[in-house]
Each structure stands twice: as C-alpha cells, then as structure tokens.
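Model the full assembly from the supplied sequences, consistent with the hints where possible.
If you read the sequences in order, they're chains A and B. Start counting the first sequence at 1; every next residue gets the next number (this note's numbering). Start counting the second sequence at 94; every next residue gets the next number (this note's numbering).
It is worth saying that the hints were derived from the structure and are not from the lab. No residue lacks a Cβ here, since even glycine has one placed at the ideal position from N, Cα and C. Any given hint could be a false lead.
These stretches of chain A come out as covered by chain B in the derived footprint (C-beta under 8 angstroms, 3 or more residues) [unchecked claim]:
| hint | segment |
| --- | --- |
| 1 | 14-21 |
| 2 | 47-59 |
| 3 | 67-80 |
| 4 | 83-91 |
The residues making up each chain are set out below.
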Amino acid sequence: MKGELIVAAIILVFVAQFLYISSSTDAEFGGADGQAEGVIEELTGGTFEPIADPIWEPPSGEIESLLFSLQAAIGALIIGYFFGYYRGKNQST
Amino acid sequence: MHIMEGFLPSPWWQFWFAVSIPVILYGIYKLNKLITEKREILPLLAVAGAYIFVLSSLKLPSVTGSCSHPTGIGMAAILFGPAISAVLGVIVLIYQALFLAHGGFTTLGANVFSMGIAGPVVAYIIFKLGMRLNLNFYVTVFLATALADWATYVITSLELALAFPAQTGGILVSFKAFAAIFALTQIPLAIMEGAITALIFKYVIQVKSDVLVKLEVINEKTIHKIKELWV
Numbered sequence: 001m002k003g004e005l006i007v008a009a010i011i012l013v014f015v016a017q018f019l020y021i022s023s024s025t026d027a028e029f030g031g032a033d034g035q036a037e038g039v040i041e042e043l044t045g046g047t048f049e050p051i052a053d054p055i056w057e058p059p060s061g062e063i064e065s066l067l068f069s070l071q072a073a074i075g076a077l078i079i080g081y082f083f084g085y086y087r088g089k090n091q092s093t
Numbered sequence: 094m095h096i097m098e099g100f101l102p103s104p105w106w107q108f109w110f111a112v113s114i115p116v117i118l119y120g121i122y123k124l125n126k127l128i129t130e131k132r133e134i135l136p137l138l139a140v141a142g143a144y145i146f147v148l149s150s151l152k153l154p155s156v157t158g159s160c161s162h163p164t165g166i167g168m169a170a171i172l173f174g175p176a177i178s179a180v181l182g183v184i185v186l187i188y189q190a191l192f193l194a195h196g197g198f199t200t201l202g203a204n205v206f207s208m209g210i211a212g213p214v215v216a217y218i219i220f221k222l223g224m225r226l227n228l229n230f231y232v233t234v235f236l237a238t239a240l241a242d243w244a245t246y247v248i249t250s251l252e253l254a255l256a257f258p259a260q261t262g263g264i265l266v267s268f269k270a271f272a273a274i275f276a277l278t279q280i281p282l283a284i285m286e287g288a289i290t291a292l293i294f295k296y297v298i299q300v301k302s303d304v305l306v307k308l309e310v311i312n313e314k315t316i317h318k319i320k321e322l323w324v
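Right under this line is the structure:
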C-alpha cells in the first residue's frame, strides 16, 4: 500500500496546484506547443511561415478529443488485458 | 508537446531525420532479434507501448498555466533499452501526426530524437547507474522516468533554439525562451510520470518478475529484496 499512498499524495498535490493556478490567475491552459509558436513569431519578427501543413486536421475540438480518448482507451485496454491475464494465470497455478 | 508540423525549417528537419533514422533501423533490428529469441516478452512489450499511448494522450495542466503531456517512454527504455523505445516512439508519433495534427511529419525526425531517443537514453543511463549504486529500485525508476520525461522537453527546446536563434544573443537566448515554455511546464508532469511509472513497476514485479530477470532489468536477488520490503 505504501507505493499507492505516495502516488496518491503526489496526484493530490498536482490537483491542488491546478485548482490554485486556475482560480488565482486567468491562465488559459493552452498547449505549450502553441505558446512556442508565439516565441518563434517573436524571434523571427513574424517572418516565419511553416514549411508544411498537417495532412489532415480533426475538423473540431470534439473530434480531436474523440481521437485522443481513443488513443488512451486503446492503451489502457492493452495494459489492463495483460495485467489481468498474468494475475489470473498466477492464481490458477 | 511535440514540435508542430512545418515548424522546423530546412536544414534542421532533414538533420534530425538523419540522426534518428539509423537509431530507428537499429531498434527494428534489435526488436526483431528480441521477439524471435524471447517470445515470452511480447506481452510486456505491448504493455510498454500501450503505456506510451496512454500517457502521451493525456494533456495535463501545469503551474505555468499551460498544458503539456507526459511521454511514458521511460518504462520502455528501462525494460528494452533506448533503440527499441525509439521504434515504439515512432508508432505513437505517427498516430498523433496522422490523426490529431499533433506533431507532424516534417518534424517527425526531431520529435523522434527528443522523445524516442534522448529521453530513453537518459532513462536507461540513470536506471543502470541507480542499480549499480544500489539505490532503492522504485526510487531509481522514479528518477529515471521523471528525468527522461523532462529531458525530452529540454531537447525539444534545444531543437527549436537551434532552428530559431535570436538575432541578439543567438541560440542561448532562444533556448531560454523555449525552455521557459516546455521545460518549466513539464516539471510537475515529469514528477507525476515518474511516480506512476514506479507504481506500474511494482505491479509488473508482482505478476511477472521472471520476465524482468530474463530481460536483465533486475536480478533475482533484488527482486527478493523488493518483495520482502514491499508486499
């Protein structure tokens, strides 16, 4: 249990950090990559044009979150399957 | 957060491809060898790949008021070494570039280098060092994976700084500007990733410690010591 408790404590601190920042500042919580775009604009004086565009972009925020969730779900499914498989196998022997 | 599509001008995107491709090819060779010689590691390989899928899909808020995501690749690096991790990283990066417009194909070389090569090398070295110094196993996993996560974004900042040196002050000034975004945002996320990965390793040891021995991640003696202390 010790390991779980330590991790739970770290997650709690993380959540508290988020609650504090989001209530005490008007931070937008945009992506760090978008902010980097701003820095590139500053450094080049706005002259830089991206050399390529994404082949396909999710048409809306909803579709994007769908595909991100799908990514997490596929991963979680595989992890859960094999841990369950091993645990069951250990118990039956 | 990976470097966005089109945001590395020539010759930098070609340069990072040139650096990454040999490592990926070596990784594919090592991967083939590993799965023909030790088929029983396949499930663990799938878990390590899936772990990268899950963690790199979670965009988390940070103290800087912006979001980034962990990489999850430190686990694969500890289990299978940096070259195989690079191959797993490529799969995730292609998924995100293709379906999510996150990262990109021109920047794939640079993103593979930071997430799939530099991060795993850091994880691998710290893990081996910690084991040699007889540090606590879970503390070592925490340090290795947290610092690998963080190193990924320090390298991302460096890649951008090299491509966009400031007119006054050059690379160092722009590195500071990019690091202020990527590396700073990443600190809390790296700590989370390290802690959660250490916990996952606890479960791997509980259910399948013999595979870890086979992969020469840890030896029997360490496993006995860990089990006595933690069960």
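Open item on the list: Checking each numbered hint in turn, tell me which of them this model violates, lowest number first.
Closed with: Structure breaks no hint.
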